[in-house]
Amino acid sequence: MEIRSMHFKARAGEKLADVQLQQNLKRAKSKFVDMRAAAITELDDFEATREAGKDLRDRTLKDLDLWLERFEQEASRRGATVLWAKDGAEVCQRVIDIARRHGVKKVTKSKSMLSEEAGLNQALEAAGIQPVETDLGEYILQINDNEPPSHIIAPVFHKSREDVSALFARTHKLAPKTDIEAMTREAREVLRPHFLSADMGISGGNFLVAETGSVALVTNEGNGRMVTTLPRVHVVVTGIEKVVPTLEDLATLMRLLPRSATGQSISNYFSVLTGKRQQGDQDGPEHMYFVLVDSGRADLVGGEFAEMLRCIRCGACMNHCPVYQAVGGHAYGWVYPGPMGSVLTPLFAGLENALDLPQAATLCNQCGVVCPVKIPLPDLLRRLREKQVEQRLRPLAERLALRTWAWVARRPAFYALGTKIGVRYLNWLAGGESRIRVLGLAPEWTQGRDFPAPEGRTFRELYKQRH
Amino acid sequence: MRVGLFVTCLVDLMRPRIGFSALKLLEAAGCEVVVPATQTCCGQPAYNSGDRAGALSLAKKVLAEFGDCDYLVAPSGSCAGMIRSHYADLAKDEPGLAPRMAQLSAKTYELTDFLASVVKLERVPGKFEGSITYHDSCAGLRELGVKRQPRALLAKMPGVRLTEMPGAEECCGFGGAFSVKFGEISAAIAEKKCDAIRATRVDAVVLGDLGCMLNIEGKLRRMGDETTRVLHVAELLAGDL
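So the protein lines, in turn, are chains A and B.
Residue numbering for the first sequence follows this note's numbering, starting at 37 and increasing by one per position.
Residue numbering for the second sequence follows this note's numbering, starting at 17 and increasing by one per position.
Derived by calculation from the structure, the hints in this document are not laboratory data.
There could be a bad hint or two in this list.
Said to hold, decoys possible - Covered by chain B, according to a simulated footprint, are these stretches of chain A (three or more residues, beta-carbon under 8 Å):
id, segment
1, 71 to 85
2, 154 to 162
3, 228 to 240
4, 395 to 402
5, 483 to 491
Idealized CB from N, CA, C, for every residue including glycine.
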């Protein structure tokens, strides 16, 4: 996917001015947050489960190569073919090769963020293969001129029912419907022939299980099952970090994932798919492939951003992020939005391509406390800020301001003088009022709010006088 | 008990009164309070901007100024959180420094946490008749667990009527340098917070951090709300209104 993260600030401004979007964001947010809060109380000790999830992810990632080898052995033993892709281009190449080998004309897809990373749909189209998104949200985006998703589990988080109604009427050339059930039925009717006629299904993978060579799929719409069982060929495209050792480990993470994501105890559908169709099986694909993708993940193992690999893509961090909730996912400009995206985008797409993202956070840690695998997202964002400073990627004015501040703050006499002058300057700006309406030193502050005037003298001046 | 008062740079510059309120409360609790004259900043602006070296040099300065106190107390969850939760990270590459930094971190408290949990202040000097809502600042709440402490202290003031607002634990959008780098987003987040405050129809919103205080007051006034007071918990508890 094309990287547009360098335009974060300008796009955030557009999103803030979009009245309809602001309404949609507000509605969607409270639902996710409230439902999660209720769902985590079902477990006696959600905190201990988070800790267990964190430990098991860390343990696995430490020996990632070994678990991947084990996965490959077990999956191969059950008739699946495991392929590796080092980047998005290789993902597209592998999938197109598979499609050509099996004479595939049409592909149904269930949700896969990795296929977004790789730009797989565009590549398939260019190769003359028709991709059809079947996740309702992804389908809506595809028929809206391939709009990118704005949320990792709710791709149309930014859209209202009315938006979708108008789009359906336009695309399906049917009378507009406003009832969600009726719209869903309409989508189902449009998608059904695609399910039946597709030669190949592509799914993502929420987890890979090393001991059985299985892929686990967590979905709410049932489309995942049709994509993975109806066509002759099933291709799983997912990241190498998704592997867990055992089914028991999968169970631990499944206590965390749906609750953190949508506030469900369990998703409507949960599939563990193991190998291609065997003799005596009633359904399943004749051919099963795994395309396991690196795209920057292997480089993170054992490094200072290794904790990010624990991520199980639940979206809780963005659901609880004040910045994401203010601007929505599109402002972030690449595949992954919100706090996890602000860490992943610079790591996967280049620090210099996403200078704003690590900065565009209040470090409030609402993300860190809800993360089901306890990723310290604010710490990672801060570390990325350190990288920007080390690589001299911050603007000169900012570097100078910081250096001056640190220099003065280390010299109490200068500091006392500086604040004494500063406080008088601010008071002069306030002109006898309790507020400053335009602050030239920090114009962005006063564009949207006043700056309260200082009392008039510094604490240190007054304290000296009194003691 | 010798308590070092870390005034914080924003109190020093913007609201010295709150520094004196903190002093008064600590003395009311029977503490011997020292206010090191050379103190400036905890280093958080540098730390959060990615300037580790600058932050570390200020952390060493704080250690030199407060190392011999029994406690370091700040009227800010943000600055106390910086010292308590992040100084260890800053010192980790200097083996000789790390244990002394850890000692400093362990004896650092946010003001209401110190008053309620350590010295267990019984009588609160302040008097206030009116309704309030409490905004939980991010660092105090999520780094230091400050939630029940200010409420317990305010409960000792018979005239205070607390109405909780929805989303009291959500960020106000300040975020230090974020508020001036991304002013538009920051102000939009502040607006949501101010809407929640105003919906409670209270006389005052009370909080424990200067950053949030300036942000919320600035936004309320820009929204045309001239009546809702924005008070630091220290000035309310000390009766310095």
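Hints versus structure:
| no. | hint | in the structure |
| --- | --- | --- |
| 1 | 71 to 85 | violated (count 0) |
| 2 | 154 to 162 | violated (count 0) |
| 3 | 228 to 240 | violated (count 0) |
| 4 | 395 to 402 | holds (count 8) |
| 5 | 483 to 491 | holds (count 8) |
When each numbered hint is compared with the structure, violations occur for hints 1, 2, 3.
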